[in-house]
Amino acid sequence: MISPAFDAIVPMLSVTLAALACMAWEAFRDPGERGPVGGLGIVGLIGAAVSAAVLWNGNTASFGVISGDNFGLFVTLVLVAVGILTIMFSSQVIDRDGIPAGEYYTLILFSLTGMIMMATANDLLVIFIALEVLSLAVYVLTGIRREDPRATEAAFKYFLLGAFSSAFFLYGIAFTFGLTGSTRLDRIGSYLAAQSLSDNPLILVALGLLLVGFAFKISAVPFHMWTPDAYEGAPAIVTGFMSTGVKAAAFAAFARVFLSSFEPFSADWAPIVWVIAAATMILGTVVGVAQTNLKRMLAYSSIAHGGYLLVGLVAANEVGKAAILFYLAAYAITNLAAFGVIALLGTRDRENDELRDYAGLWYSHPGLSALMTVCLLSLGGLPPTAGFIGKWYIFSAAVSAGYYGLAVIGVLTSVISVFFYLRVVVMMYMQEPGTEPPRIHVNAISMTALTVAIAAIFYLGILPTQVLNLASQSIATIF
Amino acid sequence: MPLLSISWLLPTVGALLVLLIGNADGRRTSLIRWVTLIISVAAFVVTLAIWASFDPASPEFQLVERHLWIPAFGIDYYIGVDGISLLLIVLTGFLTPVAVLSSWIGIERKVKEFCVFLLLLEAAMIGVFLSLDLFLFYVFWDAMLVPMYFLIGIWGYDQRIYAAIKFMLYTMAGSVLMLVAILGLAYLHNAATGMYSFDLLKLYTLDIAPATQFWFFLAFAVAFAIKVPLFPFHTWLPDAHVQAPTAGSVILAGVLLKMGTYGFVRFAFPLFPLAAHYFAPWIAVLAVVGIIYGALVAMVQPDMKKLVAYSSVSHLGFVVLGICAMNVNGVQGAMYQMLAHGVSTGGLFLIVGMLSDRRHTRLISEFGGLKAVVPRLTAAFMIITLASIGLPGLNGFIGEFLILLGAFRWDPRYVVGAGLGVILSAVYMLWMFQRVYYGKVTHPENSRLPDLLPHEWSSVVPLCVVALLMGVFPTVFLKPTEPAVTRIVDRLQNTQTLRVERLERAERLERIAERSERLERPERSERR
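If you're matching them up, the sequences are chains U and B in order. Going letter by letter, the first sequence gives residues 1 to 479 in the working numbering. Going letter by letter, the second sequence gives residues 1 to 528 in the working numbering.
There may be inaccurate statements among the hints.
[What the hints assert, rightly or not] Partial list, computed: chain B residues near chain U (C-beta under 8 Å): (1) 71; (2) 139; (3) 143; (4) 169; (5) 179; (6) 184.
[What the hints assert, rightly or not] Sample of chain U residues with no beta-carbon within 12 Å of chain B, all distances over it, derived: (7) 58; (8) 148; (9) 150; (10) 165; (11) 167; (12) 168; (13) 174; (14) 193; (15) 265; (16) 278; (17) 292; (18) 346; (19) 350; (20) 357; (21) 442; (22) 456.
[As the list claims (entries may be wrong)] Distance ranges between label pairs, derived from CB positions: (23) 65(B) / 405(U): 35 to 43 Å; (24) 53(U) / 71(B): 17 to 25 Å; (25) 159(B) / 286(U): 20 to 28 Å; (26) 370(U) / 159(B): 22 to 30 Å; (27) 455(B) / 370(U): 28 to 36 Å; (28) 39(U) / 72(B): 37 to 45 Å; (29) 20(B) / 54(U): 38 to 46 Å; (30) 466(U) / 302(B): 52 to 60 Å; (31) 370(U) / 281(B): 45 to 53 Å.
Keep in mind that the hints were calculated from the coordinates and are not lab data. Glycine residues also receive a C-beta, built at the ideal position from the N, C-alpha and C atoms.
Next up, chain U with everything else stripped away, as it sits in the complex (with noise of 0.2 Å):
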């Protein structure tokens, strides 16, 4: 290393550097030359894997803004296991799409590299930086099948409203700076603590602003409007990417600048986000239910996990906050996987995406079914998956800090999204195949990815101590 100061920033750094690697390697390929592409960018994932291993417990910081406390190290961590997984999967799909190969690798590694600034930030106008590296990246990735008149469609819809969202957010900064004078968060919060700001409305505004912004981006109710039509339309594994990367790091994010600067208000925020929580959980079951589209399907179900999500953030105390953590590893490992799924299972002609594309799936494809039903079982919370252990992680929190109704809330619902996840099961397994299904042939690359995937939701679901402890570790440096 060359300076201590630039240690928080290694991880992010080798997956910029990827990223160039990749753009160099587009511009300066032959026509027509094919190179393992993928690769470099696996690379680049691996550094920042085991850079951010090394800086565990060393609590580094760089410029004052950028922190490698165990906080962001763990969502850096599980961003690179988004990362490579995605990937992986890709390397079937892009060839299979025509989409071009370095193009696409370089908008990920580059979503990637705002994704772990924005887990890392400890500055709010970094945290926007990093949004707006994280959102463009995105915004192109949705759209980059061109031809697609729906992928155009979400991609602008997706751009509009997310510049929008970025709009309130840049606000609530500039609120906050007026108060505070700073946009640091560690100075907000010891300003906050000790100047008393409670009869002032404007603080309020700041909140409320930076509140909307932060939803905007986990697709919290009543601001996930876009996300539907998003998920839908961009490629299956674009929006498994977006739907865990980008989670992840507005939520890393969100628990850093309302569990620690704003912590002093939190009997403010608290009450709204409770019922942000609550509206989420519910209007994504429920309107999950009446899905017959399978990406909009689980476009629904990740609005969704969204809301448990915030449940550990209202809780705010030690359970809650490592339980965000640990729920965010088994949300992403296990969405991804959902998505991995349905994208090896499209063709080039057709996505194959409908819910009726899945009757008799088990006649035809009786390992990918059999994959896909730990997913959706790990999504809904069944035991022995991950998904249960996240489930019973976040209502505990809930329990604990006397939030009876929303962990009410929260298993009821999720008892009906059981309903919906059962219903891909029912036509996967009980229904007689319609039409000849396509035989689809899985490369091993993506083969891999998905047992690896699987294997880490059964390693979650019956072992989960050792991630339990990294989890409660990595709150205890910054809250």
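Got chain U sorted already, so can you dock chain B onto it with the hints?
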């Protein structure tokens, strides 16, 4: 040897083993069937070994195994048996091979997956009965839903998808509220001692405020009431039973329903004794309503499987009534009735399944005069029917008798209704028997039905033998349960007396306070 772990790990590992047998295009199905049978019989032998090494004189949990699992939350892999769970585990071990045999010919499609799910189901069921840690219990409780869901949904009859989803959602809706209550318990333990714990024995000793007990008891009770199923939570049962394949019905009636009543005895009542005393009369009323309602509805069913399903509602009502009586006779009778119902109703579903396999219909009106065609099957059905009615000398009698005795000691009014149920059960069962087996052969296609086949012999005979054994030597099965039941009943009664004492003491204090106030007041007025 960690017998208890082996008893649930053996079917799990066995399931994975079966999964590894390649059977593309349905090859090697008979190998798969045999391997599954051997595994399930081996698991049964393990459960018998547990019984053999069990000390029937002790009320304590035995063969206990404990390993740290999630230490931060005080969650352990903590299993053990006492008299209450012991025989239910043996029953599970006994019925699984029967279920395997019952599907020997009936299941032709996707045999491998069927066997895998059946073995996983067995593992989860045994796990439920073994768990002494509430978290572990909940894991098994929920994990069990998945294989059952697939068994009904894939291999069931016409309405199978509806039935499978209904089964899953009803059961889950009840159990998630229990999850919240479990978390609440762990939290209360943390508040009291500074440590989270899901250890059942530690939670037993927790002193919980009456209002909290009230809500937590409700959460647990709804989960178990749906599972039992107690009237009016029973509507999933006829669908699930009728649509499930024979093996599914046997397991469902034989073991799954017992989890509800087991939950009442093990968790809901002893964890929240005050609430239990408060709610017991109400639950008992529901139980009696269920006994009569189930019997009346069973009487008018045209479908044999549905008839047996409703008879389960009625019989399980007895079990719940016995538990609510909260005395040794009642609870012991309930335990006995659980076993007896498992054997006899399992047997009924098995034989109905045989008829249905032969004729592809279960309508009573499609049969008639079978006695002349299939005399051996008729004899077996007769024994099981009589056992189910509660004829003395067979297994059903002992349990019902003890339950009625216990209920009578508690409050004779319940016995009036329940007694009516005993009579009605004779009516609907014998009436069905008469219509199916006696008279002339009304449908020509019935005249050439084959009698018991070898694999059917091997599943029916053990059931009949056990039904007879349980009727003739009830002590063998009652004795191990006695110490544990006595302990739980003592606990329930003690808290009741403690509670009464405490209330009396509080009243006395109030009275004293009032008196002293009254004494003070005149002084004040004098001063004024």
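Hint by hint, where does the structure go against what was stated? Just the numbers, ascending.
none
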